[in-house]
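Using the numbering used here, the first residue of the sequence shown is number 163, and each one after it goes up by one.
Any given hint might turn out to be false.
What the hints assert, rightly or not - Here are the in silico distance ranges between beta carbons for each label pair: (1) Ala198 x Thr238: 37 to 45 Å; (2) Gly173 x Ile197: 33 to 41 Å; (3) Arg295 x Val177: 21 to 29 Å; (4) Gly275 x Val195: 37 to 45 Å; (5) Gly273 x Ser171: 26 to 34 Å; (6) Pro205 x Gly229: 34 to 42 Å; (7) Glu165 x Ser202: 25 to 33 Å; (8) Thr258 x Ala191: 21 to 29 Å; (9) Ala231 x Gly273: 17 to 25 Å; (10) Gly229 x Asp257: 38 to 46 Å; (11) Leu248 x Val184: 20 to 28 Å; (12) Pro262 x Arg295: 42 to 50 Å; (13) Ala294 x Phe201: 39 to 47 Å.
These aren't lab readings, by the way, just hints derived from the structure by calculation. This structure is a prediction, so every number in the text was calculated from the model and none was measured. Backbone N, C-alpha and C fix where the C-beta goes; we use that ideal spot for every residue, glycine too.
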Amino acid sequence: MPEPARATSSGPGRVLIAVYGVFALSATARALVQIASKFSEAPVAYLLSALAGVVYILATIGLAGHGPAARRLAWTAVGFELAGVLVVGTLTVLDTADFPDDTVWSVFGRGYGFVPLVLPLVGLWWLRHTRAR
């Protein structure tokens with residue numbers, strides 16, 4: 163008989179959810195301030211930061227939730243986050259002229275101590291670790 167999936171919000175998952183929650187708040191707030199005050203200076207960067215904020219919100223909801231729908235949301239959001247940080251990180255390293263201001267994911271999250279690069283790796287590991295067996 164297969165072992166059911168463990169709740170992603172149990173044990174160390176609580177810390178992971180808290181970190182995602184902090185990033186959801188900080189990325190969203192930063193993007194809203196940038197969009198409201200200086201959107202014309204770097205619209206792509208500020209919209210990417212807003213997108214990152216939404217992704218962090220969805221990841222937080224998915225990881226904190228229970229059931230298959232929450233787990234699917236978490237997998238999707240965290241997977242998208244990893245793709246986003248890798249693509250945006252690479253683009254900002256290769257062509258700095260297109261990004262006159264940083265996004266959350268610029269240079270693989272350098273402005274946030276590279277946590278945006280490590281966080282989805284930990285998130286995906288945790289989702290795999292707590293899956294049904």
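Which constraints among the numbered hints does this structure fail? Numbers only, ascending. 1, 4, 7, 9
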